[in-house]
Amino acid sequence: DAGITQSPRHKVTETGTPVTLRCHQTENHRYMYWYRQDPGHGLRLIHYSYGVKDTDKGEVSDGYSVSRSKTEDFLLTLESATSSQTSVYFCATASGNQPQHFGDGTRLSIL
Amino acid sequence: AQRVTQPEKLLSVFKGAPVELKCNYSYSGSPELFWYVQYSRQRLQLLLRHISRESIKGFTADLNKGETSFHLKKPFAQEEDSAMYYCALRIQGAQKLVFGQGTRLTINP
Numbered sequence: 001d002a003g004i005t006q007s008p009r010h011k012v013t014e015t016g017t018p019v020t021l022r023c024h025q026t027e028n029h030r031y032m033y034w035y036r037q038d039p040g041h042g043l044r045l046i047h048y049s050y051g052v053k054d055t056d057k058g059e060v061s062d063g064y065s066v067s068r069s070k071t072e073d074f075l076l077t078l079e080s081a082t083s084s085q086t087s088v089y090f091c092a093t094a095s096g097n098q099p100q101h102f103g104d105g106t107r108l109s110i111l
Numbered sequence: 001a002q003r004v005t006q007p008e009k010l011l012s013v014f015k016g017a018p019v020e021l022k023c024n025y026s027y028s029g030s031p032e033l034f035w036y037v038q039y040s041r042q043r044l045q046l047l048l049r050h051i052s053r054e055s056i057k058g059f060t061a062d063l064n065k066g067e068t069s070f071h072l073k074k075p076f077a078q079e080e081d082s083a084m085y086y087c088a089l090r091i092q093g094a095q096k097l098v099f100g101q102g103t104r105l106t107i108n109p
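Sequence order for the protein chains is U and G. When we follow the numbering used here, the leftmost residue of the first sequence carries the number 1, and every step to the right adds one. When we follow the numbering used here, the leftmost residue of the second sequence carries the number 1, and every step to the right adds one.
One chain only, chain U, in its complex shape (with noise of 0.2 Å):
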């Protein structure tokens, strides 16, 4: 599972709230993404990272930003959460040209 761990699991908040969602690595991986997954969607890339400080858009990035300030850790921030990004949202790492692993996913519920 290349210990990736996501927090949290679980979020319920308010629309116009901050959010952010942590994706943290062990496996010293370089690059690391986040997903959201939605019925009849699949898996959609928000952010993605190639290396610290290292970020660019994915196929869904309005009102997403992201950081990378070390290796280890992937910040996605919701700056003003809408009912539309209420989703579940996976984080991935990899490395070299392996193929992605994934973290448990952050069930996020936005009323």
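These are calculated hints, taken from the structure and not from any lab test. Be careful, since some hints might not be right.
A few chain G positions that, by computed beta-carbon distances, are all more than 12 Å from chain U [stated by the list, open to error]:
| no. | residue |
| --- | --- |
| 1 | 27 |
| 2 | 42 |
| 3 | 45 |
| 4 | 57 |
| 5 | 97 |
| 6 | 102 |
Here are the simulated DSS-like cross-link-like pairs (lysine-lysine), alpha carbons at most 30 Å apart as the crow flies [as the list claims (entries may be wrong)]:
| no. | chain 1 | residue 1 | chain 2 | residue 2 |
| --- | --- | --- | --- | --- |
| 7 | U | 53 | G | 96 |
| 8 | U | 53 | U | 70 |
| 9 | U | 57 | G | 96 |
Ranges of calculated distance between the beta carbons of each label pair, as one might list FRET restraints [said to hold, decoys possible]:
| no. | chain 1 | residue 1 | chain 2 | residue 2 | range |
| --- | --- | --- | --- | --- | --- |
| 10 | U | 16 | G | 41 | 24 to 30 Å |
| 11 | G | 26 | U | 10 | 33 to 39 Å |
| 12 | G | 16 | U | 18 | 50 to 56 Å |
| 13 | U | 56 | G | 78 | 38 to 44 Å |
| 14 | G | 65 | U | 30 | 26 to 32 Å |
| 15 | U | 17 | G | 109 | 42 to 48 Å |
| 16 | U | 83 | G | 3 | 37 to 43 Å |
| 17 | G | 65 | U | 51 | 31 to 37 Å |
| 18 | G | 108 | U | 51 | 46 to 52 Å |
| 19 | U | 11 | G | 2 | 29 to 35 Å |
All values reported here derive from a predicted model rather than from experimental measurement. From the three backbone atoms N, C-alpha and C, an ideal C-beta is built for every residue, glycine too.
Once you've looked at the hints, dock chain G against the given chain U.
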């Protein structure tokens, strides 16, 4: 643009019957394809990657470049195969994956 299509959102078969989950892709470069499986409320796990040509849990998948397909097959389904299955394409030279919409497989006793 690159795309992965899994035409069946839901697939239901009886235990012991053959299973085929379809995956088609659109990509101009040299594709690298994966199948991931997600059991109920668990993390995604890698099931197969085409370059390894392994058989995992009885599943196999062959890349057909002519038909741009990477269908997942198992000759005799088991109840524990019930899960969500995702096909994914890795973009050449990048470490990004493009996922299909997923197929929920249910194996009936």
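These are the hints, each one checked on the structure:
Non-interface call for residue 27/G relative to chain U: holds, since the shortest CB-CB distance, roughly 15 Å, exceeds 12 Å. Here residue 42/G does not stay apart from chain U, with its beta-carbon only about 7 Å from theirs, under the 12 Å limit. Distance to chain U contradicts residue 45/G as a non-interface residue, since its nearest Cβ pair spans about 8 Å, not more than 12 Å. No beta-carbon of chain U comes within 12 Å of the beta-carbon of residue 57/G; the shortest separation is about 16 Å.
Not every Cβ of chain U is farther than 12 Å from the Cβ of residue 97/G; the closest lies at roughly 6 Å, contradicting the non-interface assignment. Residue placement check: residue 102/G does not keep its beta carbon more than 12 Å from all beta carbons of chain U (closest about 5 Å). Between residue 53/U and residue 96/G the CA atoms are separated by roughly 18 Å; this keeps the pair inside 30 Å, and the hint holds. For the hint linking residue 53/U to residue 70/U, the alpha-carbon distance of about 8 Å falls within 30 Å, and the restraint holds.
The hinted pair formed by residue 57/U and residue 96/G meets the criterion: a straight-line CA distance of about 11 Å does not exceed 30 Å. For residue 16/U paired with residue 41/G, a C-beta distance near 29 Å keeps the hint of 24 to 30 Å intact. Between residue 26/G and residue 10/U the Cβ separation comes to about 36 Å, which falls inside the hinted range of 33 to 39 Å. Separated by about 52 Å at the C-beta atoms, residue 16/G and residue 18/U satisfy the suggested range of 50 to 56 Å.
Between residue 56/U and residue 78/G the beta carbons are some 41 Å apart, a value that agrees with the proposed interval 38 to 44 Å. A hinted range of 26 to 32 Å for the beta carbons of residue 65/G and residue 30/U is consistent with their spacing of about 29 Å. For the pair residue 17/U and residue 109/G, the beta carbons lie near 45 Å from each other, so the given range of 42 to 48 Å is met. Checked against the hint of 37 to 43 Å, the C-beta distance between residue 83/U and residue 3/G comes to roughly 28 Å, which is inconsistent with it.
In this structure the supplied range 31 to 37 Å holds for residue 65/G paired with residue 51/U, their Cβ-Cβ distance being about 33 Å. Distance hint check for residue 108/G and residue 51/U: the Cβ-Cβ separation is about 47 Å, which falls inside the suggested range of 46 to 52 Å. Separated by about 32 Å at the C-beta atoms, residue 11/U and residue 2/G satisfy the suggested range of 29 to 35 Å.
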